[in-house]
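For the protein sequence lines, the chains are G and L, in the order given.
Position 5 of the first sequence, counting from 1, maps to 5 under the working numbering, and the rest follow consecutively.
In the working numbering, each residue carries its 1-based index in the second sequence increased by 454.
Hints are computed from structural coordinates only; laboratory data are not their basis.
This one's a predicted model, so the numbers in the text were calculated from it and none came from an experiment.
From the three backbone atoms N, C-alpha and C, an ideal C-beta is built for every residue, glycine too.
There may be inaccurate statements among the hints.
Claimed, not checked - Among chain L residues calculated to face chain G with C-beta under 10 Å, some are: (1) V478; (2) V481; (3) T482; (4) E520; (5) E521; (6) V526; (7) K528; (8) G534; (9) D556; (10) C559; (11) V562; (12) R579; (13) R584; (14) E588.
Unchecked claim - To spell it out: a stretch of chain L is covered by chain G in this simulated footprint if at least three of its residues, at any positions, have a beta carbon under 8 Å from a beta carbon of chain G; those stretches are: (15) 502 to 515; (16) 570 to 578.
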Amino acid sequence: MCAACTILNKKTCPPMCGLKTYFPNPEDEKTISGLHRVFHATNVERMIYLTKVDERNKLIKSLEREARMRIENPVMGCIDVIEALEKRIENLLFSLFGLFVRNLPDDVIHNILSRLSAKPLMRFKCVSAYWNTQITESYFKSHRKLLLSGTSLYALKGKNAYSRVELPSPFETRGHWRKVLVVGTLYGIVVLALEREDAFQLMLYNPLTREANKLPNPPRSCCISAGKLRAYGFGYGYDATPHDSKIVIGYSKVFCKCSRSKSDRKYCHVFSLKRGSWTTPETDFGSDGILRTAGVFINGYLNWIFGYPGEKLSITVLDVEEMKNVTRMDAPVGTDQGSSCLGTLHKRLCVVTQTNSRFRVWVLNTERYLHKEWSKTYSFTGVCIGRDYHRLRTICILEDGRIVLKDSKSRRLIFYDPSKGFSRSVFRCTQPFTATGIEYVESLASPSDICLLR
Amino acid sequence: MSKKTLTLMSKDKQLFNIEEHLAVQSVTIRNMVKEDGASSVIPLPRVDSETLALVIEYLNRQQAPEEDEDYVKKFVDERGEIPTLLELAQAALDLDIKKLMDAACMKVADLIKDFTLEEVREALRIENDRTPEEEKAIRDEFQWAF
Numbered sequence: 001m002c003a004a005c006t007i008l009n010k011k012t013c014p015p016m017c018g019l020k021t022y023f024p025n026p027e028d029e030k031t032i033s034g035l036h037r038v039f040h041a042t043n044v045e046r047m048i049y050l051t052k053v054d055e056r057n058k059l060i061k062s063l064e065r066e067a068r069m070r071i072e073n074p075v076m077g078c079i080d081v082i083e084a085l086e087k088r089i090e091n092l093l094f095s096l097f098g099l100f101v102r103n104l105p106d107d108v109i110h111n112i113l114s115r116l117s118a119k120p121l122m123r124f125k126c127v128s129a130y131w132n133t134q135i136t137e138s139y140f141k142s143h144r145k146l147l148l149s150g151t152s153l154y155a156l157k158g159k160n161a162y163s164r165v166e167l168p169s170p171f172e173t174r175g176h177w178r179k180v181l182v183v184g185t186l187y188g189i190v191v192l193a194l195e196r197e198d199a200f201q202l203m204l205y206n207p208l209t210r211e212a213n214k215l216p217n218p219p220r221s222c223c224i225s226a227g228k229l230r231a232y233g234f235g236y237g238y239d240a241t242p243h244d245s246k247i248v249i250g251y252s253k254v255f256c257k258c259s260r261s262k263s264d265r266k267y268c269h270v271f272s273l274k275r276g277s278w279t280t281p282e283t284d285f286g287s288d289g290i291l292r293t294a295g296v297f298i299n300g301y302l303n304w305i306f307g308y309p310g311e312k313l314s315i316t317v318l319d320v321e322e323m324k325n326v327t328r329m330d331a332p333v334g335t336d337q338g339s340s341c342l343g344t345l346h347k348r349l350c351v352v353t354q355t356n357s358r359f360r361v362w363v364l365n366t367e368r369y370l371h372k373e374w375s376k377t378y379s380f381t382g383v384c385i386g387r388d389y390h391r392l393r394t395i396c397i398l399e400d401g402r403i404v405l406k407d408s409k410s411r412r413l414i415f416y417d418p419s420k421g422f423s424r425s426v427f428r429c430t431q432p433f434t435a436t437g438i439e440y441v442e443s444l445a446s447p448s449d450i451c452l453l454r
Numbered sequence: 455m456s457k458k459t460l461t462l463m464s465k466d467k468q469l470f471n472i473e474e475h476l477a478v479q480s481v482t483i484r485n486m487v488k489e490d491g492a493s494s495v496i497p498l499p500r501v502d503s504e505t506l507a508l509v510i511e512y513l514n515r516q517q518a519p520e521e522d523e524d525y526v527k528k529f530v531d532e533r534g535e536i537p538t539l540l541e542l543a544q545a546a547l548d549l550d551i552k553k554l555m556d557a558a559c560m561k562v563a564d565l566i567k568d569f570t571l572e573e574v575r576e577a578l579r580i581e582n583d584r585t586p587e588e589e590k591a592i593r594d595e596f597q598w599a600f
């Protein structure tokens with residue numbers, strides 16, 4: 001006698017009992033009683049009868065589960081569970097969609113980022129770690145350009161084949177200024193010093209947008225107004241703590257020929273971009289040499305090659321934040337006022353010296369200026385037709401370690417890559433150029449973004 | 455020239471017809487047509503039907519070349535909602551339609567440039583994984599941008 005027939009109070013199983021196969025033992029009584037309560041045993045039997053033989057086991061299983069749930073939850077039955085699951089799927093799909101949108105293709109992100117100007121771009125570095133690296137790495141690397149200055153300005157772009165753009169003059173009248181010196185760069189803005197016979201003008205300039213802002217002149221001082229640009233050392237650097245950038249003009253006492261008393265003489269002027277005004281600190285650059293052109297800024301210090309040509313030279317170091325102490329350290333052997341170039345290599349101060357055709361690249365060993373030790377990283381021989389090696393001059397050291405030389409006769413630029421050797425550029429200057437060069441990052445920052453002039 | 459029609463299928467299996475000479479503005483489709491004549495349906499598994507309808511509308515535009523720039527600009531301007539624009543940009547990326555992609559990204563950049571950080575994250579559904587310290591460090595470094 002099967003469990004179903006027991007529940008139905010039958011005396012014996014009928015010969016064709018449809019339920020006997022599925023509930024053969026009396027122990028199955030609990031299962032069938034549940035089914036019976038919800039569906040009634042005869043209905044179950046009919047359902048079995050209407051189902052294909054090989055699907056009947058499945059039917060019984062599902063009916064059992066449905067019945068159990070209906071008994072547990074008489075109002076909703078299994079609908080409660082189904083609805084909860086449906087809701088969960090919907091949520092999962094939604095978050096999956098969110099994931100899809102969050103993982104916007106890189107191309108789309110780059111495309112969007114490349115259209116933002118510097119201000120929102122720098123702000124959006126905070127959006128996420130991914131955006132931060134995207135903005136810093138890919139954007140900044142691909143927008144690196146070399147700015148050359150001499151009698152006019154050139155922007156060069158490209159890894160190997162440089163293409164050249166002669167920038168329109170940011171100056172009022174063409175030819176009015178004799179020479180342009182690139183002092184430094186920050187966020188795509190370059191600081192230019194324009195030289196004339198008897199004066200100079202400082203300017204903030206964005207080579208991409210061609211926007212320029214004149215900076216006020218330093219307070220009138222005997223030496224600044226009377227001398228030539230060559231006598232001055234310019235520098236551009238920034239503080240670590242109060243987030244201010246400063247333009248430094250320093251010069252040595254030897255050029256001061258004025259009648260003022262010694263205590264009144266000032267040898268340094270500092271322009272704060274944050275405050276938009278000049279100050280005159282008591283910085284003393286000494287009297288035994290000249291600072292050469294633009295200082296190199298690294299780790300909070302500005303560095304110049306200092307001294308007279310032909311004499312033993314030193315590196316003058318100025319702490320930009322303190323603006324007080326000028327320290328000296330020995331320059332590497334062979335440093336020469338005219339031919340040596342100061343720069344940075346792998347975030348360390350570096351000097352390229354030249355003796356005839358031999359170029360040597362020195363790197364300062366400690367980042368702090370306690371034990372100043374220069375070590376030679378490598379040397380190379382310059383190439384030039386006719387062995388006129390004095391025609392070759394180092395212009396600057398690029399971020400990726402390449403060294404830019406100029407050949408003053410052929411007016412070409414030569415790039416030296418320590419891993420690949422020389423490559424001659426297509427760049428040919430139309431005028432003789434006494435070039436200085438600097439690498440800058442293109443941005444849409446406006447000069448007024450970094451300097452608020454009152 | 456006979457006008458051949460191509461059929462594009464969106465993510466949700468909807469079919470869209472477009473004339474071949476218009477569809478080949480998409481570099482992806484052009485390459486497919488070149489390879490096998492693209493006689494069958496072209497599936498676009500990442501593009502939903504609403505976005506695809508927009509793309510089709512864009513491809514079907516009949517503008518004189520000199521008015522085209524303005525049209526593209528107006529086209530994205532009218533759909534100035536960021537989720538739509540992002541979908542459009544992604545579809546344009548998949549289909550390799552540079553003009554549409556650039557216009558959509560330009561519009562997004564234009565919309566988000568004055569957003570707060572929180573608004574940017576919300577609009578582009580980006581999770582904030584920066585700690586307050588990291589954020590402060592960037593704020594300090596780029597003070598002029600904030």
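Structure-based check of all given hints:
A least Cβ separation of about 21 Å between V478 of chain L and chain G goes past the 10 Å threshold, and the interface hint is therefore violated. The restraint placing V481 of chain L at the interface with chain G is violated, with a minimum CB-CB distance near 13 Å, outside the 10 Å limit. Hint status for T482 of chain L relative to chain G: violated, with the closest Cβ pair at about 13 Å, above 10 Å. The interface hint given for E520 of chain L is broken, as the beta carbon of that residue sits about 23 Å from the closest beta carbon of chain G, more than 10 Å.
For E521 of chain L, the interface hint is violated, the least distance from its beta-carbon to any beta-carbon of chain G being 23 Å, above 10 Å. At a threshold of 10 Å, the smallest CB-CB gap from V526 of chain L to chain G is about 15 Å, leaving the interface hint violated. With a cut of 10 Å, the hint placing K528 of chain L at the interface with chain G is violated, because the nearest CB-to-CB distance is about 18 Å. Annotation: interface hint on G534 of chain L violated; nearest CB of chain G at approximately 15 Å, more than 10 Å.
Taking 10 Å as the C-beta contact cut-off toward chain G, the hint placing D556 of chain L at the interface holds, the least distance being around 7 Å. Annotation: C559 of chain L was flagged as interfacial toward chain G, and the flag holds, the nearest CB pair being 4 Å apart, inside 10 Å. Nearest Cβ of chain G to the Cβ of V562 of chain L: about 5 Å, under the 10 Å cut. The hint holds. Look at R579 of chain L: its Cβ gets to within about 4 Å of chain G, closer than 10 Å, so that hint holds up.
About 6 Å separates the beta-carbon of R584 of chain L from the nearest beta-carbon of chain G, less than 10 Å, and the hint is met. Interface hint at E588 of chain L: satisfied, since its Cβ lies 8 Å from the closest Cβ of chain G, which is below the 10 Å cut-off. Counting residues of the segment 502 to 515 of chain L whose C-beta lies closer than 8 Å to any C-beta of chain G gives 0; at least three are required, and the coverage claim is violated. For a cut-off of 8 Å, the count of residues in the segment 570 to 578 of chain L with a CB near a CB of chain G stands at 4, and the three-residue condition holds.
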